Structure formats: structure tokens, C-alpha cells
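Undergrad: So the chains spell out like this:
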Amino acid sequence: MKFFVNPSKFNEMADYLFRPLLILSIILFAIGLLFSFYLSPDDYQQGSTVRIMYVHVPSAWLALLTYAIMTLYSILALAFRIPFGFIFNTAVAPIGAVFTLICIISGSLWGKPMWGTWWVWDARLTSVAILFIIYLIIIFMNLSFENRIVREKVVAIFILVGSVNLPIVKFSVDWWNTLHQPATISKLSKPSIDPSMMTPLIIMTFAFIMIGVAIAILRIKTEIISRKSYLS
Amino acid sequence: MSLRFQRLLFILLTLVIILSAVLLILYNTRENVSYFYTPSEIDKSDIIINKIIRIGGFIENNSFNKISSSSFKFKITDEKASILVTFKGILPDLFREGQGAVIEGAFIDKNIFNATNVFAKHDENYMPASIKEDLKDTGYWNKKYK
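Top to bottom, those sequences are chains A and B. Position one of the first sequence corresponds to residue 1 (the working numbering), numbered consecutively onward. Position one of the second sequence corresponds to residue 1 (the working numbering), numbered consecutively onward.
Hint data in this document are derived by calculation from the structure and do not stem from the laboratory. Here the structure is a predicted model, which means the values were calculated and not measured. By construction, the Cβ of each residue, glycine as well, lies at the ideal position given by its N, Cα and C atoms. Everything hinted at is true.
Here are the simulated DSS-like pairs of lysine-lysine, each with C-alpha atoms no more than 27 Å apart in a straight line:
no., chain 1, residue 1, chain 2, residue 2
1, B, K51, A, K112
2, B, K73, A, K112
3, A, K112, B, K88
4, A, K112, B, K66
5, B, K75, A, K112
Here are some of the chain A residues that sit facing chain B, going by a computed Cβ distance under 10 Å:
no., residue
6, G116
7, T126
8, H180
All chains, full assembly: derive it from the sequences and hints.
TA: What follows is the structure in C-alpha cells.
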């Protein structure tokens, strides 16, 4: 498990994993998109618009998951003085931002035909917009500060403070009246989605995870190299 | 107590304090955070005429009336109270009786709400169209899904 915290161990593991991950993600995307577009049924009231969900939901999950992992690495980096946490946070923040953006754009494309509006300021949509802004602030903070030691600590603390937003995003639909529907899939109850629609959703989720990890590996390796050569 | 454990404790404690502060703020402003009121939350004696608010609920069965091609009259309900709504404009695709909706507008008098915007609310149920037909054929169609 050393490769989670040790840059050189991570490099070894990354070289080993990168190609299989990339191939696997391409295969999963091919199957997942085939399922999403052709092999899954129309919804009883949304019709074909339901297919937007197969992109929207995985990207939303991963936007949250990426931030949760960044929070863990911030704690590791600050409490246990593991510099790999700082490397990880710098490298991965833009990936989370892109997932959040995909989630917002696909959600708006779904909202226009279904709700009758692109955007409303309800609790769920607003908290996701805040998540996106937090990601942007992290990216810009990583580009500022002359002193790297100061910068990475400030960024890690900011990530910890911003993690307060995560439960708010997750539970916003339960705590307040929102236009956004509550969660379909939760651990406590049987999902209120048909298996024929669950299949493409699960495949697409894994495809998103694989491509996310593959890009993360590339970015983390780049970050390690640039630190070794004193570029950042 | 080792130094790293102290740091970990300090971080976790800080997170808990920040989280509870934010949750307290949100809890005490929940009326403003909520996107809409439900019909039963609206106190009839407390209605402010022409103040823009949002109401969310279901379109009451057999209440929908088409006055002209772009002007409609319906009742929105949460099964405890219902409110008469008038609306001029285009209704979203999902809008029908029994369907959830959020309306934005203002009371023009104590009993009539004039909507300027109507949003259809989608629930968390996803089901293939063919299964709906099967359920109807076998008589198991659950009204809740309508």
C-alpha cells in the first residue's frame, strides 16, 4: 500500500497500471455508451432525455469522490507530514473541476426540457455551483504564491475548510425543499431505478472512474517530475 | 500523545467545529434556503398580496382547466391544503395532473395565485416505458408513479 503515499513507489505502480487502465476505460466507455444510447429503454415519462443521466450522475459522483479523496490527502499531508498529499492535491484538483463542470452542463441540458428551466437557485444546484467555485479557487491558489512550502499548506487548509460543502451537496435534497429530485440510489433502500437502466449507469460510472484515475496518474507523475527538477 | 496524533486531533476538531457552525447557520435560515413552500405551509391569514414566492406540490387531479391555448387554471396541493393557480404561458413537457410542480408568482388576492413561471418536478423513480404498459395491463400500475 506504500504507493498511496510514496512518490517513487507511486511511479512504479503507475507505470504498471497506466496502460491497462486506459484500455479498460476505452472498453468500458464503448460498452457504456452503446448501452446508454441503444440498449437501454426510454423512460416512462422522460423519454430519451433519461440518457443524459448516464453522464450526469457518474460525473456528479466523481466530482464529490475526488473532493473527498483530496480531503483525506490534505489530512495526511498536514497531520502526518506526507508530502505526497500536496502533490496529489495539486495534480487532481483540475480533474474534479472538470467532472463538476460536466455535471453542471449535462444537468442544465436535462433541466431545460424536463423542469422547463436551465438553472434555478435551489439548494442542490447552488451547493454544486459552490463546489465548482471551490475547485477553481484551489486551482488558482496552486498557481499563485512564490513559496511552495507556504502555498501547499494554505491550499491543504483551504481544501479542508471547503470539505464542509460535501455533506451539504449530498444531503441538500433531503434537508430542504429543492427542485432537484432526491437520491435514487442509496445504500439504505432498494434503488428506485429499473435494472435495465441501472446497467448503463454502473458501466458508465466505472468508465468515468478509470479515465479519471488514468488522467490522475499522468498529472501526478508530471507533478513529481516538475518538483524533482525544481520547476514548481 | 504523539505530535502527529495531536495534529490529527486538531484538524478533525476544527472540521467538526466549522461543520457545526455552517450547519447551524443553514438550519436557522432554512426557510430561505428552501426553494419553495408547500401549500400547507402557507398560512391563509398571513398572505402578502403581490409578494413573489414559490409553491411546490402536486397538480390536483381533475383540477386542470384550459381557459385558452396559453392560459391555464389548476390547483396545486400537498394533500393537506390546495391553492388555486392561474398561469399564462407555456407549460413544461412533464406537466400533468398528479405530477409534481413548482410555481413561481404571487397571490393576486387571498385565494388566487398568479404564476409567472411553472417548473415541472421530476421524482427519483426511473422506469422503462414498456414496464409501465405491462403494469397497466396486469393492473399493478401504482398511482404514485403517475
